[in-house]
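If you read the protein sequences in the order shown, they are chains A and B.
So the first sequence is numbered by our numbering: it starts at 10 and just counts up by one.
So the second sequence is numbered by our numbering: it starts at 3 and just counts up by one.
Source of the hints: derived by calculation from the structure; they are not laboratory data.
All residues carry an ideal CB built from backbone N, CA and C; glycine is no exception.
Mixed in with the good hints there might be a few duds.
Stated by the list, open to error - Once the Cα atoms are required to be at most 20 Å apart in a straight line, the calculated EDC-like pairs of lysine to aspartate or glutamate come out as:
#1 B:191 with A:216
#2 A:45 with A:191
#3 A:152 with A:140
#4 A:45 with B:107
#5 A:179 with A:149
#6 A:125 with B:173
#7 A:136 with B:173
#8 B:39 with A:246
Claimed, not checked - Here's a subset of chain A near chain B, in silico, CB distances under 10 Å, partners left out:
#9 164
#10 167
#11 177
#12 252
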Amino acid sequence: MGFFEKMRQIDRRWIFLAVGVAIILPFFFYIGLPIKVTPEVKVLYDSVERLKPGDVVFFAPEYDPGTIPELQPMCHAFLRQCFSKGIKIVAVCLFQLGPAQAEQDLTLIAKEYNQKYGVDYVYLGYKPYPETVILNMGEDFRKSFPKDYYGNLVDTLPMMRNLKNYSDTKMIISINATSGADYWIRSAHGRYNIPLGLGVTAVMATDYYTYLQSGQLFALVGGMKGAAEMEQLVGLEGKKYNRATARMDIQNFAHLVIIFFVILGNVAYFATWGKK
Amino acid sequence: MRKEIPLAIMLVTGVFMAVQFFVPHEIPSLIYTNLNKTVQVVGAVALVLGIVSILSIHLAKIGKKQPGFGYSYFLIVFFVLMASSGFLPKSLNLGSFLGHGGNEEGSFFLNMYNYVLNPVQSTMFALLAFFIASAAYRAFRARSIIATLLLLTAIIVMLGRVPIGPAIFGDWIAELADWIMAVPNAGAKRAIIVGVGMGILSLSLKMVLGIERAWLGGGR
Chain A
10 MGFFEKMRQI DRRWIFLAVG VAIILPFFFY IGLPIKVTPE VKVLYDSVER
60 LKPGDVVFFA PEYDPGTIPE LQPMCHAFLR QCFSKGIKIV AVCLFQLGPA
110 QAEQDLTLIA KEYNQKYGVD YVYLGYKPYP ETVILNMGED FRKSFPKDYY
160 GNLVDTLPMM RNLKNYSDTK MIISINATSG ADYWIRSAHG RYNIPLGLGV
210 TAVMATDYYT YLQSGQLFAL VGGMKGAAEM EQLVGLEGKK YNRATARMDI
260 QNFAHLVIIF FVILGNVAYF ATWGKK
Chain B
3 MRKEIPLAIM LVTGVFMAVQ FFVPHEIPSL IYTNLNKTVQ VVGAVALVLG
53 IVSILSIHLA KIGKKQPGFG YSYFLIVFFV LMASSGFLPK SLNLGSFLGH
103 GGNEEGSFFL NMYNYVLNPV QSTMFALLAF FIASAAYRAF RARSIIATLL
153 LLTAIIVMLG RVPIGPAIFG DWIAELADWI MAVPNAGAKR AIIVGVGMGI
203 LSLSLKMVLG IERAWLGGGR
C-alpha cells in the first residue's frame, strides 16, 4: 500500500493527536499576532464610549459553560468598558443554562470596579419563555420581574426607581449562545425599536450578518476573534484582561492543522483516483 | 362545537394579535400582556408534563433493567440534586464542602453549576474540535465543482478569520473572508430567512382562517 493510500485510510486517532498537540502547544508559546479590528465590533465600542456616566445599558449575557471560551471574554470586556465609564447595567439571562454564569460574570467584574449592587447594576435573573418575557419587559420590567435574581423587590433597588422599560435604556446588548438571539432581534428591536448589538459564537455569526446589513443590529461581535477585538479596543494590559487574544494563538494553530489535513486528504484522494 | 370553539378562539386571538401591533392604546396593550402571561402559565404546565415524562421513562428503564439502565440512575440523582439545589433556603448550611442555600457565591446551587455542569458541558463541547477535524479530513473532497467551491470557501474563511491568515498571505485574505461573510453568505441567509418568514405567514393565515386544521388533532 502506497503513502497516499495509507493517508486515505489514516486512523482518525492520528488526526485527534495532531489537533490535540496544536491546541496544547500555544499554551506554552505566546505568539500574539496582530488582530485587525472589524467595523462591526468597533461600532459597539464607539457606541459605549459615546454614552455618559449614569446612562443605562440593558444587558443579556445568555451563554452556558460550553461557549465560555468564546463568549465570556467579550462579556467581560464589555462589562469592563461599561463599569470603567460609570455606565449602569440592567441584566437578565433568559437561557436556562446561563443564569448562574451571568450572575458570576456580573459580580466578578462589578467587584473589579467597586460597583454597588442595586445602585450601579441590577441582575433580574431568569424567566422561562424568552420571547414572551422580552415582549413583557418592553412594557414594564416589573411585569416579568417583580423580584430580582436574589429575591429583592425590584422597586426597592435605587437604580430601578426611574427605569420602567427598554426606552429608559440606551441600548440592548445580548451575548448569546442560543436561538434566543432571534427573539431579541424580532421582539426587542422589532417591536420597541431599541438599538441592539449582539455577541455570538463564530458558528452563529454567519447567521446574523444579514441583520447587521438591514440595520436591525448595530453591532455584531463574532466568536473568539470578535472577543479578541473587543479586548484590543478596551486596551487593558495583563493576561486576565486579554484571554481571547491569547487564545487566538490556539485557534491559529488548530485552523492550520485542519487545513493541512483537508489538503492532505484531497491530495491523497486525487493521487489514488481510480484505484480501489 | 368541539371544532368550532377552538377555531373561533384561534380566529379572534390571531386577528387581535396581528392588529394590536398597530394600535398604540393601553387596552390592547393590557390584553396583549395578559395573553403573553397565559403562554407562560401554559408553559409551566408543560414543564410539569416534561418532568413527569422524563422521570417515568427512566424509572421504567431501571425497573425493566433495559440496556444502559445504569445511566438512568445518574440522570435521576442529578436531576433531583440540581433541581432541589435551587430551592434551598439561604439560611441552610450544608458544610464548607457543599456550601450553603440560596443562589449566591459559595451556595450549593453555584457549586453544582461550577463543579458538575460546567466541566461536563465544557468537555462535551471541546470534543467537537477533534470530531470536526476528523470529519473535515474525510468529507471535504473536491469531487465536483460545487464541492470544490465549498472547500475553497472554507479554507479562505478559516484562514481569513484568524490572525495567521493575513500574517502569511497578506490582508487580502481577511478582506476576501469578510466579503464572503457579508455578501454571498448574507445573501443566501437572507433568502432562507425571507422564505421561512413567508412560509410562517402563510401557515399562520391558514390556521387563523381555519383552512389548516391539523393542530386540532383527531385526524377525522
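Each hint, compared with the structure:
no. : hint             : in the structure
1   : B:191 with A:216 : holds (7 Å)
2   : A:45 with A:191  : violated (28 Å)
3   : A:152 with A:140 : holds (14 Å)
4   : A:45 with B:107  : violated (37 Å)
5   : A:179 with A:149 : holds (16 Å)
6   : A:125 with B:173 : violated (44 Å)
7   : A:136 with B:173 : violated (45 Å)
8   : B:39 with A:246  : violated (47 Å)
9   : 164              : violated (18 Å)
10  : 167              : violated (20 Å)
11  : 177              : violated (17 Å)
12  : 252              : violated (14 Å)
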